[in-house]
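Protein chains in written order, with my numbering: chain A, 1 to 416; chain B, 1 to 416; chain C, 1 to 136; chain D, 1 to 136.
For the record, the hints were derived by calculation from the structure and aren't laboratory data.
Every residue, glycine too, gets a C-beta built ideally from N, C-alpha and C.
Every clue listed holds true.
Below, a list of computed lysine-lysine pairs in the DSBU-like style, where the Cα atoms sit at most 30 Å apart: (1) B:58 to A:398; (2) C:110 to B:81; (3) A:26 to C:23; (4) A:403 to B:58; (5) C:32 to C:42; (6) B:96 to B:176; (7) B:59 to A:20; (8) B:32 to D:106; (9) A:118 to B:118; (10) A:169 to B:273; (11) B:96 to C:129; (12) A:26 to A:58; (13) B:59 to A:17; (14) C:32 to A:328; (15) A:199 to B:273; (16) A:118 to B:273; (17) D:32 to D:106; (18) A:327 to A:32; (19) B:147 to A:273; (20) B:147 to B:174.
Have a look at the derived ranges for each label pair, beta carbon to beta carbon: (21) A:350 to C:33: 11 to 21 Å; (22) A:267 to B:350: 21 to 31 Å; (23) C:47 to A:350: 21 to 31 Å; (24) A:273 to D:45: 13 to 23 Å.
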Amino acid sequence: MATATKNKSTKKVDFDKIRKDFPLLKREMNGKPIVFLDSAASSQKPNYVLRAMDHYYKKLHANVHRGVYQLSQEATDAFEKSRRLVKEFINAPSEKECIFVRGTTEGINLVASTYGRKNLEAGDEVLISTMEHHSNIVPWQMVCEEKGAHLKVVPINEDGEMIMSEFDKLLTDKTKIVSINHISNALGTINPIREVIAKAHAKGIPVMIDGAQAIPHLKVDVQELDVDFYTFSGHKMCGPTGIGILYGKAELLNAMPPYHGGGEMIETVTFEKTTYNTLPHKFEAGTPDIAGVVGIGAAVEYMQKIGHEAIVQHEHELLEYATTELKKIDGLRIVGEAKEKASVVSFLLGNSHPYDVGTILDKLGIAVRTGHHCTQPLMARFGIPGTVRASFAFYNNKEDVDKLVEGVKRAARMLG
Amino acid sequence: MATATKNKSTKKVDFDKIRKDFPLLKREMNGKPIVFLDSAASSQKPNYVLRAMDHYYKKLHANVHRGVYQLSQEATDAFEKSRRLVKEFINAPSEKECIFVRGTTEGINLVASTYGRKNLEAGDEVLISTMEHHSNIVPWQMVCEEKGAHLKVVPINEDGEMIMSEFDKLLTDKTKIVSINHISNALGTINPIREVIAKAHAKGIPVMIDGAQAIPHLKVDVQELDVDFYTFSGHKMCGPTGIGILYGKAELLNAMPPYHGGGEMIETVTFEKTTYNTLPHKFEAGTPDIAGVVGIGAAVEYMQKIGHEAIVQHEHELLEYATTELKKIDGLRIVGEAKEKASVVSFLLGNSHPYDVGTILDKLGIAVRTGHHCTQPLMARFGIPGTVRASFAFYNNKEDVDKLVEGVKRAARMLG
Amino acid sequence: MTINEIQDEIIEEFAFFDDWMEKYEYIIDLGKSLPLIDPKYKDEAHLIKGCQSQVWLHAANEGKQVDFTADSDAIITKGIIALLVRVLSGQPAEAVAQSDLYFIDKIGLKEHLSPTRSNGLVSMVKQMKMYGVAMA
Amino acid sequence: MTINEIQDEIIEEFAFFDDWMEKYEYIIDLGKSLPLIDPKYKDEAHLIKGCQSQVWLHAANEGKQVDFTADSDAIITKGIIALLVRVLSGQPAEAVAQSDLYFIDKIGLKEHLSPTRSNGLVSMVKQMKMYGVAMA
Ligand SMILES: Cc1ncc(COP(=O)(O)O)c(C=O)c1O
Ligand SMILES: Cc1ncc(COP(=O)(O)O)c(C=O)c1O
Chain A
1 MATATKNKST
11 KKVDFDKIRK
21 DFPLLKREMN
31 GKPIVFLDSA
41 ASSQKPNYVL
51 RAMDHYYKKL
61 HANVHRGVYQ
71 LSQEATDAFE
81 KSRRLVKEFI
91 NAPSEKECIF
101 VRGTTEGINL
111 VASTYGRKNL
121 EAGDEVLIST
131 MEHHSNIVPW
141 QMVCEEKGAH
151 LKVVPINEDG
161 EMIMSEFDKL
171 LTDKTKIVSI
181 NHISNALGTI
191 NPIREVIAKA
201 HAKGIPVMID
211 GAQAIPHLKV
221 DVQELDVDFY
231 TFSGHKMCGP
241 TGIGILYGKA
251 ELLNAMPPYH
261 GGGEMIETVT
271 FEKTTYNTLP
281 HKFEAGTPDI
291 AGVVGIGAAV
301 EYMQKIGHEA
311 IVQHEHELLE
321 YATTELKKID
331 GLRIVGEAKE
341 KASVVSFLLG
351 NSHPYDVGTI
361 LDKLGIAVRT
371 GHHCTQPLMA
381 RFGIPGTVRA
391 SFAFYNNKED
401 VDKLVEGVKR
411 AARMLG
Chain B
1 MATATKNKST
11 KKVDFDKIRK
21 DFPLLKREMN
31 GKPIVFLDSA
41 ASSQKPNYVL
51 RAMDHYYKKL
61 HANVHRGVYQ
71 LSQEATDAFE
81 KSRRLVKEFI
91 NAPSEKECIF
101 VRGTTEGINL
111 VASTYGRKNL
121 EAGDEVLIST
131 MEHHSNIVPW
141 QMVCEEKGAH
151 LKVVPINEDG
161 EMIMSEFDKL
171 LTDKTKIVSI
181 NHISNALGTI
191 NPIREVIAKA
201 HAKGIPVMID
211 GAQAIPHLKV
221 DVQELDVDFY
231 TFSGHKMCGP
241 TGIGILYGKA
251 ELLNAMPPYH
261 GGGEMIETVT
271 FEKTTYNTLP
281 HKFEAGTPDI
291 AGVVGIGAAV
301 EYMQKIGHEA
311 IVQHEHELLE
321 YATTELKKID
331 GLRIVGEAKE
341 KASVVSFLLG
351 NSHPYDVGTI
361 LDKLGIAVRT
371 GHHCTQPLMA
381 RFGIPGTVRA
391 SFAFYNNKED
401 VDKLVEGVKR
411 AARMLG
Chain C
1 MTINEIQDEI
11 IEEFAFFDDW
21 MEKYEYIIDL
31 GKSLPLIDPK
41 YKDEAHLIKG
51 CQSQVWLHAA
61 NEGKQVDFTA
71 DSDAIITKGI
81 IALLVRVLSG
91 QPAEAVAQSD
101 LYFIDKIGLK
111 EHLSPTRSNG
121 LVSMVKQMKM
131 YGVAMA
Chain D
1 MTINEIQDEI
11 IEEFAFFDDW
21 MEKYEYIIDL
31 GKSLPLIDPK
41 YKDEAHLIKG
51 CQSQVWLHAA
61 NEGKQVDFTA
71 DSDAIITKGI
81 IALLVRVLSG
91 QPAEAVAQSD
101 LYFIDKIGLK
111 EHLSPTRSNG
121 LVSMVKQMKM
131 YGVAMA
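Could you build all of it, start to finish, from the sequences and the hints given here?
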């Protein structure tokens, strides 16, 4: 990795230099240098990751596993090296517990359709929160409907925090699994997942955490969390699209029925009886996204070189600064003011529709997301059609915030 | 596309020049220039495809759909352009019928777990052939087991061809779907899918075709075939890993329950009731592999520039030449001698184990696949543990065949 | 005036604007003008769902001509709707059905009618033409 | 001789080979020699499944030492097995358990013991050491 500094934690990381690793940030949008504030939807990619994938295709590509020839071995080595990197990244006990999936959505669907379908019965309950992404609602709705089970929802307060006393009440003997996001993509709320996991485990209930928004920002240690399933997407953490991770405890994964049928996931196939392969292959049917896996490995290396401590601090500064400055704007209302928050600011500007604000910001070269952010029930909870959401990554800087604030003021004048 | 010739059909395509589009073919293996004869497992990638993906990440990347800002629109345009290219490539009636999946394995699993789970009842039958890839066996076994349905298998003759009189007998009122590969990856047999489809349709039974091995070699026209589902992988047709296509008739896709739950695939979500989006989004939950989609679009463009006619002819020449020359080797036995064959040669050398032959070829820089090729029941049918398989793509040439033949002779001397 | 005459008129008007700001201020002003639709039509039946903004459309048949009224919850969308209504409302049904709305592109608002922008406008234009077909 | 003495001996032998051909011819010759296992042990219970080739392994406990016999359906795999048996068979159980099989790498056969090559050899070495542990 060329430009990320070697100093892991204590010394200062040069984020101006790091920004130069991201080629897309050099482009313009509507004739203005782009201000990219939509990393919560998908992050940009550093050259290091792009080069790793290009190198893979130009020097190493062959289908993985089982090939006796050198090239196939090299491809497999690159592939399995990434699994090792991911294992270390989240401190999983074993590589076997790190399954490659397309992304968070597939990770949750995999668990809902194997663990869920196997363990849910009529009258059972799945516990989620009001602030879940559709990806952590719909898969559970589907399996609940099939099994006659029920979806229970932990309400939130005005600041966008889960009401833990309600959680306590909703966590009952009927609960078969709890599935909560680590960080809300729409509000930025960092949920108290340690407490959630401890309380659920006290009743012997497993917990799945949707880590899509947490992994790009926080250090995640699945052993320390003692979480049962944890899933995230590569494309939100500087990695390629189309690849993500499902971590699961081996004990649970082993007891689950397989997911997809196909090559790789079998031990022996006869037309009468098929026996399944061991972990992680049992859940990885078919040719995997080998280049994507190499890419997510490179993304892990890249982020680790920078270090989570420096990232957390830098992003926190941006969040504080943006929150303070935006609040000075007349009529601007921030949606989601949890005490524990990641670098996401959702807001509404007077009575203006988010679409209008987003459109004007776009014309100014500022990329923000507008709408319901795939959290319609959450928007319904606040009685709003959507928000304008600015999300910051470590490659953003204060200048980006200044431009955003300027832009919002301009929008306020035009729409007001 | 730089080097592929502009002449579509009649004039001669310069395959020597085309070979130079593939950077990996310039590398060595075990100190010798690589002879890559494992394209049936996964093809190599031309610079054109790699550049398209790199350009996407460096200039266009943002999450697709629903973004109001320019960059997101450009990413979405690139994404949907690929769908249009794919639609034209297979002559689908509508883009809505072209669903992006991870690959063939996911395509079949999607249909088995939605169409299959909805339509199969106890006592019903799914009809496949003896020469199916595990990916076209296991998903059906899984859903059959769940529903109490049965897997029926069309036997093959010694040459590796489906016995159509047996097919006729096995196609009954109990058959709910027929799923057959277009070309066998282990034998190279081109199956009479037109006849299969016509006969099944005469009884009102839908047909799924596993096109993984056909798409890289033949012109496929889903309307002319009148096929109900057709699926294939990008990585076998010069595209990236992790992306593939499921074509399905809109009428069938619309009647199917959704597959994964999540973002993109919904219209509205409340905790009480979720309504699903229209095609193709209904089956594309979550952030898609955007760069992969861009890559498969570029692969389609690349292959169309060369033209299927030229590809078919070039590969047929290689197949004929390799077959003739290999047969001259004492004790060599070709497995799979169908009259209609694609550029795959599976063989056994005397009593030598395929692993031994493959190991020696590897040392000579020749990459072939050995083993059961994810077709264990087919190997069982022939009473063999596996084969050595050489497969040719349009970037191979006669020199590659010569080196293979030399290498096999060397192996015969060493092992004999 | 015919559909194309109105389109040309709009293109001419927009030619006066020096930059996107003036143009959008004008559209926003259009959007702020009085409601474009009878409130009773702002119901499910007349709703065209967009992921970003909602659009309501009502069509009335006056002899051979179609009268459109419409609205949106987003003001820029509403401003563009005002332009669309100005071009298509009161026109012969057949002309609506066959119209080619080139003015959108010419005045630089093409992106708002991208099928992927999901503000309901593409569906609305489609719906307007379908009314044209139905009422012709 | 100890495990390491035998390993060093093998490394020395292989040093004579000029190229991979000679080395493989030697391994193939080893593979062709008489069966290394009593046929009655070539059953499911003694099978180590590999995707590419199969391996059968039997361990007998003679006092404090372990005697291995083994076989494979692939001749190169069998040749390598012959080397492994030569190194580990007849050794004290504890030495087997703790052995570090560096000769594989030194004689350039590392790739055959890659966990991804799936010829059963990795599992076989693991199994041999486990017998060492169990019988120590
Ligand atoms: C005939 C056939 N079907 C299915 C597959 C599975 O394709 P994939 O691994 O890309 O999902 C393959 C690839 O090996 C194949 O050859
Ligand atoms: C909290 C949360 N969960 C799940 C997802 C879905 O992730 P993906 O679209 O990568 O599958 C997202 C991404 O938008 C998210 O923010």
